[in-house]
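Protein chains: 2
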Amino acid sequence: MRIILLLIFILGVWLNSFGQLRNRVISPEVITGNKIVFRLFAPEAKSVSLYGEWITDYTKLVILQRNDTGLFQVEVGPVAPEIYGYNFIVDGVLVLDPSNPLVRRDGQRNASLVLVPGNESSLYGIEKVPHGTLSKVWYNSSTIGINRRMYIYTPPGYEQSDINYPVLYLLHGAGGDEDAWTTMGRAPYILDNLISQGKSRPMLVVMPNGNAYQTAAPGETPSSTTTERPSDFASYRGKYEESLVNDIIPFIEKNYHVLKGKDNRAIAGLSMGGGNTVTVTTSHPELFSYIGVFSAGVRNADEAFDTKMKAIKDNKVKMYYVGCGVEDRMAYQGSQLLVAILKKHGIPYIFRESTGGHTWANWRIYLSEMAPLLFK
Amino acid sequence: MRIILLLIFILGVWLNSFGQLRNRVISPEVITGNKIVFRLFAPEAKSVSLYGEWITDYTKLVILQRNDTGLFQVEVGPVAPEIYGYNFIVDGVLVLDPSNPLVRRDGQRNASLVLVPGNESSLYGIEKVPHGTLSKVWYNSSTIGINRRMYIYTPPGYEQSDINYPVLYLLHGAGGDEDAWTTMGRAPYILDNLISQGKSRPMLVVMPNGNAYQTAAPGETPSSTTTERPSDFASYRGKYEESLVNDIIPFIEKNYHVLKGKDNRAIAGLSMGGGNTVTVTTSHPELFSYIGVFSAGVRNADEAFDTKMKAIKDNKVKMYYVGCGVEDRMAYQGSQLLVAILKKHGIPYIFRESTGGHTWANWRIYLSEMAPLLFK
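Protein chains in written order, with our numbering: chain C, 1 to 376; chain B, 1 to 376.
Check each hint, because a few of them may be wrong.
Copies of the same chain are indistinguishable here, so a pair counts whether it falls within one copy or spans any two.
[As the list claims (entries may be wrong)] Straight-line alpha carbon distances no greater than 20 Å define the calculated EDC-like cross-link-like pairs of lysine to aspartate or glutamate that follow: (1) LYS254 - ASP306; (2) LYS128 - ASP263; (3) LYS128 - ASP302; (4) LYS318 - GLU159; (5) LYS128 - ASP247; (6) LYS128 - ASP57; (7) LYS60 - GLU327; (8) LYS128 - ASP314; (9) LYS376 - GLU327; (10) LYS128 - GLU228; (11) LYS239 - ASP302; (12) LYS35 - ASP302.
In short, the hints are calculated from the structure, not lab data. For clarity, every value in this text was computed on a predicted model and none was experimentally measured.
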């Protein structure tokens, strides 16, 4: 309310300075041909530029042009149909687009969001289909010693039925937290769409917080705790994976009507979460029949690791999905190494080499391609 | 990830310009004595000011002072322990604090968030207590003809028990949507705290979207729909209240293990939601035994309205809570009028006259004072 009054006040100042009423600024505006118009009314600013995630060379900011009223504007594109984060840079300060209510947090940073509709974005667009429920759930991690938060997606109809469903455990990367797969990954909408199209079996998706030192995402933690990486960070190594096995899976299987046993459990993760996935599945080859490692792979494959991977084969994993962008150098090498080991042991695998790099666009694609293959 | 690279790039430009490495900017920083330090590194900006919700005179922006490195800074306070939204104004542009990951959306506008801990904010602070689950749930509104979204808070232990719980229906104001009571109102944490202290009975809290033309909050709607007020807005009048009775209550009572009957239902709302509450309870005096009208009241009290209020008395309402800030002129008059009618009919009421005006600080207080009185 006060912000509105403040805006009126600022508008008043502008009125005095410019003698004309500014219409409400529309930004971003997606126009035909997959183009986007960005606008910012900033009569006092010297320069306005923008960075958006469609830009592969981040040193090439887009410059907005000022007209005689102080409105800065630029048209970009065509760009691929996708959801993009972007920021304005106003006189050197990285800011959000004040005309756009849609904001996405990535770790400690926020970006404004724009969706260009089309084939790619229809994977995770919000369609007129039945939607599952997304819940923020607190559980006790006795392994880590704190009460922690995670997200749980239950498929459409879950609350109305007594059917037991299979479960996908879906892990985020470094810098993320339990919000990441729902905000940037859009996992709930990907599943809604796949399920409504009959492509995926209805399943639960469990999205924990992979930073073992955190209670929950920033702003959702007790004021006496911090979300920043602690100095004794190293002491948390392996705790999350242990907690997944000892705290999270038992919590889910106790409190939700789900199917048990390895054939009804899948696990997948991106980047750091891909590493977590490798760690959990090699230490507990008896737990999951479906494994997905996105944009991660493995760094080295010594004899001990090889023995562990053989155990995965012996435990009859049904599908091992490896997804990686060919421009994602380190991870791509690691993925090739992982695939070589899968091949050697005769573990059934899919190697999805996509264009691009270490991006949410790729992780959304991997999830949307892997989910239909689960529990069948 | 790319944003980090971009920041490194911008930092590089600054390094070139200033020849020294900038440490990471900490902002906001809450310091002793309920003071807050705000900082923004903006060597190219001419002026930086800020507006925060503790400022009652919105024409008096706080000016940040620039030091010789280009860091703008200001210390404000002491301020009352509360959670506040604030924005920077950089060369005339209203922006968020780029150093602060915490963002709160109010309708179409975002603000950065800062919490000053203390007595007032402990009402809704995140404490080390058992937390309930907060779920985003989709339901079909046959009254409105769309699949819509709401939030449902289930108390700690709900998933683990077969106990049936009572339900509070909690309504937001104009300009808000289903997010408002969870983000600005912090209802889940208020209930967690009251329940853990034994002050409130465990209950469900149902927080629907009160804009009958909306599917859900911005960014959560099918791309073919809009969240903006339509030109045929008037045709939606009364639909939300109807939908609450015909769609939402039946959905909750079918899909959740809750207690039925009026003594196990409460309804409360702020501003527009207070109006919705008056409308629903006068049209359906048989549905709720507990009624809360925050910062709203009634505009006129003709004979027809008086008859309806008598029906509320005849239906043995157990408690009618009226909360209003004495500086909230229109609503305060309306609240006094409502209280006069309650008095006349001998309806048991509480009139909570607080300091301040039409603010979330007040609405959080009213909820935290009303909830302990429910279902007893």
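Hints and how they fare:
no.: 1; hint: LYS254 - ASP306; in the structure: neither (34 Å within a copy, 52 Å between copies)
no.: 2; hint: LYS128 - ASP263; in the structure: neither (31 Å within a copy, 37 Å between copies)
no.: 3; hint: LYS128 - ASP302; in the structure: neither (50 Å within a copy, 43 Å between copies)
no.: 4; hint: LYS318 - GLU159; in the structure: neither (29 Å within a copy, 32 Å between copies)
no.: 5; hint: LYS128 - ASP247; in the structure: between (36 Å within a copy, 18 Å between copies)
no.: 6; hint: LYS128 - ASP57; in the structure: neither (36 Å within a copy, 45 Å between copies)
no.: 7; hint: LYS60 - GLU327; in the structure: within (19 Å within a copy, 51 Å between copies)
no.: 8; hint: LYS128 - ASP314; in the structure: neither (43 Å within a copy, 43 Å between copies)
no.: 9; hint: LYS376 - GLU327; in the structure: neither (32 Å within a copy, 63 Å between copies)
no.: 10; hint: LYS128 - GLU228; in the structure: between (39 Å within a copy, 18 Å between copies)
no.: 11; hint: LYS239 - ASP302; in the structure: neither (23 Å within a copy, 66 Å between copies)
no.: 12; hint: LYS35 - ASP302; in the structure: neither (49 Å within a copy, 56 Å between copies)
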